[in-house]
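J.: Sequence:
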Amino acid sequence: MPPKETVLDLARFIDRGVRVKLSGGREVTGTLKGYDQLLNLVLDEAIEHLRDAEDALKISDETRALGLLVCRGTSVMVVSALDSMEEIANPFLAEDGGAI
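Numbering-wise, UniProt numbering puts 46 at position 46 of the sequence shown, and it's gapless, one number per residue.
FYI, nobody ran anything at the bench for these hints, they're computed from the structure.
Misleading hints may appear alongside valid ones.
What the hints assert, rightly or not - Below, computed lysine-lysine pairings styled on DSBU-like, alpha-carbon distance capped at 30 Å:
1) 21 / 58
2) 58 / 33
3) 33 / 21
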């Protein structure tokens, strides 16, 4: 019987910076040090990106250092590499700043 494959191939992210979105809206970044087939993640030098106090849907510029962090696989929603992310202008905003 061949070994089970995981949904994500996280081996390519080992010792690289990742951003993890967790259920409940929390987001953390850190260096991926380990993982298992249940998507439990170990992040080193983890930083939590705090939500805006006035608008819970926005991430503020405030952060909180967490250090070594274990994320349970059941709460992991999204894993992405930090070096493959780039910020772009919102195409759904009109030039005057209002929504289209």
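J.: Look at each hint and say if it fits the structure.
T.: Consistency of the hints with the structure:
Proposed proximity of residue 21 and residue 58 is supported: the alpha carbons are some 13 Å apart, at most 30 Å. The suggested pairing of residue 58 with residue 33 holds, with an alpha-carbon distance near 28 Å, which does not exceed 30 Å. The hinted pair formed by residue 33 and residue 21 meets the criterion: a straight-line CA distance of about 17 Å does not exceed 30 Å.
Going down the numbered hints, you'll see the structure goes against none, and every one checks out.
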